[in-house]
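Just so you know, the protein sequences line up as chains A and B, in that order. All letters in the first sequence, in the order written, are residues 171 to 622 by our numbering. All letters in the second sequence, in the order written, are residues 931 to 1413 by our numbering.
Please keep in mind that the hints were generated in silico from the structure rather than gathered at the bench. This structure is a prediction, so every number in the text was calculated from the model and none was measured. Please note that the accuracy of each hint is not assured.
Lysine to aspartate or glutamate pairs mimicking EDC-like chemistry, simulated, CA-CA at most 20 Å apart [said to hold, decoys possible]:
no., chain 1, residue 1, chain 2, residue 2
1, B, K1092, A, E204
2, B, K1106, A, D237
3, A, K345, A, E359
4, B, K1312, A, E230
5, B, K1108, A, D195
6, A, K276, A, D286
7, A, K551, B, E991
8, A, K400, A, D467
9, B, K1312, A, E192
10, B, K1313, A, E230
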Amino acid sequence: MRMIVVGCGKIGTAVIASLAGEGYDVTAMDSDPEVVERLSTQYDVMTLCGNGADCDALTEVGVSGCDLFIASTASDELNMLSCFLARRMGAKHTIARIRNPEYNDKSLGFMRQQLDLSISINPEQLVAQEILNVLKFPSAVKVESFSRRNFEMIETRLDQNSVLDGLTVRQMREKYKAAYLICAVQREEQLFIPDGNFVLRSGDKIGITAAPQEMQKLMKMLGLLKKQVKSVMILGGGKTTYYLAKMLQNIGVSVKVIEKDLRCCQELSAILTGVIILQADGSHSDILMEEGLSSMDAFVALTGMDEENILSSISAFLQNVPKVISKVNREELCSLAVKIGLDCVVSPMEVTSNIIVRYARALENTDGSKVETLYKLMDGKAEALEFNVSEDLSFTGIPLKDLHLKKNILIAGIIRNRKPVIPSGFDSILPGDRVVILAADQRLQDLSDIMA
Amino acid sequence: MNRKMVFNFLGQIVKIEALMLLLPLAVAIFYREWMGVLSFAVTVLLALSVGFALTAFFKPESKLIYAKEGFVIVALSWILLSGIGALPFVISGDIPNYVDAFFETVSGFTTTGASILTNVEAMSRGMLFWRSFTHWVGGMGVLVFVMALVPSICDRSIHVMKAEMPGPIVGKLVPKVKQTAKILYLIYIFMTLVQVLLLLCGGMNLFESLVHAFGTAGTGGFGVKSDSIGGYSPYLQWVITVFMLLFGVNFNLYYLLLVRRFKSAFRSAELWCYLGIVAVSTGIIAVNIFPMYGGFSETLRNAAFQVSSVITTTGFSTVNFDLWPELSKAVLLLLMFIGACAGSTGGGLKISRVMMLFKMIGRELRKMLHPRAVEAVRFEGKKLDDQTLQSTSNYFAIYVVAFMAVFLLISFEPFSFETNFSAAAACYNNIGPGFGAVGPMGSFSGYSPFSKIVLSVAMLLGRLEIYPLIFTFSLSTWSKKQN
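Using the sequences plus the hints, can you model the full thing?
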C-alpha cells in the first residue's frame, strides 16, 4: 500500500516511523530540506521537499491512486487544503491533523464531510482524553477502552507491598472473584502473557481487562482503588491543556493552570471559565509549592519541553502528589522517565500513530474481520486489538480450548450485545461479536491471523 | 562502529560473488576449458568458505548501520570482491602474476576496461566471460545487487546505496530501498537483453554478443579482440554506440518512462546537456578527422563511436584514436573528465556535477558585480540547497587533489607525459584506454607493480567517488576512542 505523509514534525515523524515499520511504501514530504534529508537516512521511505498544498509537488509524489494521504503539518488550514487537493487528485483516503479548538466543535463534522476526509486527528484532544481516563481511574497508569467504553484494559503497577506479590494468577483468581483477566505482565524489559501458574511479583506492570464495573470491584478488593481526583494542577497552557481543563471541568474537578507566557494565559482565560490560570514559570518549584502543589490530587505536566515536563514531574512526585502524569514526546525520554519512577507518561505521538496504524491495517483488509481499535501496550511491546467478527470467519462457534492459536496471542475479551464476556475455554466466538486480542511481537490485520 | 555488521555484510557479499562465479564456470564447461573449470571451481569453494566463515564468526547484535558503516562496507567489499575475483586468472595461468590479475579484476568491477593483456585473443573463453561479467555487475553496483536479492540485510541500507551509487544526489525511485534496487536491476537486465538481441541480429555470435553487451551495459570496455570493436560491421558499431549512450543516461529517467511520466523524463536538463555535449564533440572531431577517412559516413561513425565511448567512460574503440590530430585528442581528454550522467553506470565527474559547478561559477561572478544580489542556484527546475552545492564543490576539490596524487605517483615511470597523464585520467575516470603507450592498441602491461596498484586504487576511487576509500583507510574510523 502506498502512503504519503505531508509535514514531518514530531507527529509526522512518529507516523512515518510506525507506517514504515509496518512495511508500507511511504513517501514523506516536508518543506524543510534538512528534515527531508534526515528522514531519508533514518527510515526506508522516499522523501521529497515541497509544499503539501502545491499541486505540482503533489503530482510528483504520486498522489493520484495513493491509498492513504496524511497531512500533519503545524497548520490546520494547510492540512485541510492539502487533504482536499489530494482527494480531488485521486488519493483514496485522507487524514488531516486538525487541532485548533475552533475547528474541533460542531463544525468539524460538516468540514470533514465537505473536505471528504476519512478521519481528522487531533493529537492534543486524544492526549487530553487519555489523561482524563487515568485521572478518573488513578490506580492505573494507563486506561484503554474498547467497544464504546463497554470494556476496559488498564495497566497498573504492583507496588512494594502489594497483596498480589507471590501469588500465581490462578490463586489470585480464586482469592479475588470477579470477571477479569490478567492478560499481560511486564517485568523489567520482558513481556509475559501469563497462564494460571505465572507468579506475580511486586514491581510488575500488569494489564487487566474487564468491564468497567467489574474493574472497580476488583480494584476495591485489592485495595488499589484510590479516590477520584478532585483537584488538578496543570503545567503549561497549550491546546492539550485547554481540552483537558474543559473535560475536567465537565466532571467537576477543580483545575489550576500554570503557564509562563502571558499571551497564552490571556488566550486561555478568554475561552476557559472557572479555571484558575496563573502566569508564572512552573520550572521553579517554589512557585508550584506556593500554589499548593502538595495538596493537589494530581499534577499534569503538559509543556512543550519534554525535559521540563520530566523534571517538574519528579519534583511533584517527591512532594507526594498522589498522581503525576507527564507528557513526553521523544520515545527515548519516555522509557527514561519510566525508569526513574514516573509511571504515567503519555505520548501524543504514540496516541496518534496508534490510530493511523489501526486505520491503515483496516484499509488493507477490506472485507474480513477488521481492526476496530488498536492500542500499543507495555511500552509498545504488545498490541491490543479489537476486531469486529464477520459472518465468514472460519472458526466461529468453536470452543476456544479447541482453537490452535499462534504463540503470544491471547483472546482477552469478547463483547456480545454490548455485554463483555471474560472468555474461558468453553466460550466461543460468534459472528457479530467484538473480540479483543492481545498480541506480542506480531502484526495482526485480520482476526483470522491469530490461528496458527 | 558496528564492526560485526560490517564483516557480516562482507560475508554475504562474498557468498554472492561465489554465486556469480558459477556463470563463467558454466561457460568454461560449455567450451570444455578444463583448466578454467578447475580454477573457477576452486575460487567458488574458496569464496564460499570465506563467506560462511565471515557470517558465522560475525553475528551482529544489531543490524543498524549509519553513514560510516555504509562507506566502510562499500569500500571493503569492492576490495574483497576484486581480491577474490582475481584468483581464477592466477590459478588458470592466463594471468600468472597476482598484481596483474588484481589490476584486471579491479578494472573489470570498476567498469574501467584498462587491461594489462597484450594479446586478448590468447585468453580462454571462460576468463573473457568472467572479465566482462565483472563489468556488468560492477556497473550497477554489486551491493545494490545484493540488496535486491537478500531480504533485510541491514537496517538503514540507504547508507550503503548512497555510498555505492555515483552522483551528487542519490534518490530512490520508490519508497523502499529493496524495491528500488530491484527496479534498477530489472531495467538494466532488460536493456542488456535488447542489446544482445540486436547484436545477434547483426551476425555476432552469442558469446561475443554477451561479452560486448556486458561491456557496454556496465560502460566497461573489455572486449575479445585486440582491435576492440574495429573489426565488426558498421551496423554493430552503431548498435554499440547507441547503447553506450543509453547506458550513460540517468536510470531514473528510464523509470520515469516506465511509469509513463514522459514529460518529466524529457524535461531533464542533464539529459539534454549530455546529448548536446555528445553532438558538439562529435561535430568537432568529425571535421577534424575528416581528411583521415574516406567517406562522410565512416568519419561520422568513428567520431560518434569514440565520443560516446569516452564520455560514457566505456573505452571501446573502433580505430586507433591515438593517431588522431591533437584537437580531437584534446576533446576526448576533456570528455574523460566530464563523464556520463549521474545515476548511470558511467564514471567521471558526472554531467550534473559539471552543470552545478558552472552554475555556481556564474552565480559567484554575478555576485562580484552585484555584491548584494541574492540568487538561488536552480537545477532541474528546483532550487539547490547550500548543502548540495557545498558538497559538490567539495567533491570537485577532493577529486582534483586525488587525481594529482595518482598522477604524481605514477610519474616515476619512464613513459611520456601524455601517456602517464592519460593513464591516470583513464583509470581514475574508469574509461580504460588513454593515449600513447596506453592507447587503444597498447596496454598497461609496461607499468611496474607499484604503479599498477596505484592505478587500481585510482579506479576504485573513481568508481566509488573517493569518500568510501578515504574513510575506510583513515585510522579514526576504526579507533575505539572516537566511536
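These are the hints, each one checked on the structure:
1. K1092(B) to E204(A): With a Cα-Cα distance of about 17 Å, the restraint between K1092(B) and E204(A) holds, given a limit of 20 Å.
2. K1106(B) to D237(A): Cα-Cα ~16 Å, so holds.
3. K345(A) to E359(A): Not satisfied, since the Cα-Cα distance of roughly 28 Å exceeds 20 Å.
4. K1312(B) to E230(A): 13 Å, holds
5. K1108(B) to D195(A): 11 Å, holds
6. K276(A) to D286(A): Measuring from Cα to Cα gives roughly 16 Å; hence the hint holds.
7. K551(A) to E991(B): 19 Å, holds
8. K400(A) to D467(A): Holds - the C-alpha atoms of D467(A) and K400(A) are around 6 Å apart, at most 20 Å.
9. K1312(B) to E192(A): Between K1312(B) and E192(A) the Cα gap is close to 32 Å, so the pair fails against 20 Å, i.e. violated.
10. K1313(B) to E230(A): Measuring from Cα to Cα gives roughly 16 Å; hence the hint holds.
Of the numbered hints stated above, those contradicted by the structure are hints 3, 9, listed in ascending order.
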